Every structure is written in C-alpha cells, then in structure tokens.
Amino acid sequence: MDFKGKKVIALGERDGIQGAAVAAVARSAGAEVVLEMTHCFV
Amino acid sequence: MILGTPSAESSKLYAVTVSEGDPAWAGALAGVPLNIPAFHVLEPDVKDAADEAVYDTEIGISAMALEPETEEIIESLTEVRNGVTA
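Those sequence lines, one after another, are chains A and B. Going by numbering that gives the first Met the number 0, 13 is the number at position 14 of the first sequence; the sequence numbering is gapless. Going by numbering that gives the first Met the number 0, 35 is the number at position 36 of the second sequence; the sequence numbering is gapless.
Please keep in mind that the hints were generated in silico from the structure rather than gathered at the bench. These numbers were taken from a predicted model, which means no experiment stands behind them.
Cβ-Cβ distance ranges computed for the label pairs, FRET-style:
| # | chain 1 | residue 1 | chain 2 | residue 2 | range |
| --- | --- | --- | --- | --- | --- |
| 1 | B | Pro22 | A | Lys3 | 27 to 35 angstroms |
| 2 | A | Leu34 | B | Ala62 | 20 to 28 angstroms |
| 3 | B | Ala25 | A | Asp1 | 31 to 39 angstroms |
| 4 | A | Met36 | B | Ala25 | 13 to 21 angstroms |
| 5 | B | Ala29 | A | Gly29 | 31 to 39 angstroms |
| 6 | A | Lys6 | B | Asp21 | 18 to 26 angstroms |
| 7 | B | Pro67 | A | Gly4 | 28 to 36 angstroms |
| 8 | A | Met0 | B | Ala25 | 25 to 33 angstroms |
| 9 | A | His38 | B | Ala62 | 15 to 23 angstroms |
| 10 | B | Asn34 | A | Asp1 | 14 to 22 angstroms |
Just so you know, even glycine gets a beta-carbon here, dropped at the ideal spot from N, CA and C.
Using the sequences and the accompanying hints, generate a full structural model.
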C-alpha cells in the first residue's frame with residue numbers, strides 16, 4: 000500500500016496506540032494527516 | 000483511515016462505520032457509506048510503508064503489548080475491506 004500523498008485520518012485509542020503515534024507513522028510513509036485524535040472510553 | 004485500536008471488535012466497528020455507515024444505526028453516519036478504507040497501524044502494509052526508525056520509536060512497545068490481538072485485528076480489517084462485514 001502506497002500512502003504517499005494520501006490524506007489520512009489517524010485515529011488512536013488510549014488502551015491501544017495513541018493517535019499521535021499513528022499520525023507520526025502515517026507522515027513518515029508520506030501521507031498527509033488531516034485529522035488526528037485519541038479516543039478514550041474509560 | 001489508520002487505526003490504533005486495541006481489539007478486533009473495536010477495529011471492525013470503526014472500519015465498518017467509515018466504509019459502510021454506522022452498523023448500530025445510532026449515529027450521524029447511519030446509512031452513510033463513506034467508502035473510506037481502514038487500516039491498522041500494526042498491519043504489514045502500513046509498517047512497510049513507514050520509516051523504520053519512526054515506526055520502532057512510535058509503535059514498537061505498543062506493538063509488543065498488542066501482539067496477542069494483532070492477528071485478529073488484521074483479519075477483521077481485511078474482511079471489512081473485502082466487503083465481509085457480517
């Protein structure tokens with residue numbers, strides 16, 4: 000999968016992987032992160 | 000969409016919601032198929048596309064913690080992308 004130039008929503012979860020970490024990975028793959036958030040269901 | 004969800008169930012719920020619409024028919028996306036493909040950050044496709052150093056720094060420890068769930072998570076998202084949501 001080529002993420003270069005793709006717009007990405009990075010949606011993390013507190014009990015899983017944080018949105019900021021997902022966004023950093025997406026950016027390193029060449030994607031443009033248009034929304035980044037971390038949900039918490041506690 | 001790239002997810003960082005901790006279980007197969009939550010991953011599938013997000014993936015179905017942004018591809019076919021809210022499966023619970025409770026929210027604003029009920030009956031609204033956005034057709035946005037959902038991937039998990041632990042999927043090999045995502046890992047291979049990312050910078051290795053960034054991936055290890057940001058995801059490394061979490062990937063180990065989620066290791067028991069990883070296979071199920073990937074399976075659930077692959078099913079949704081292939082149109083299997085039942």
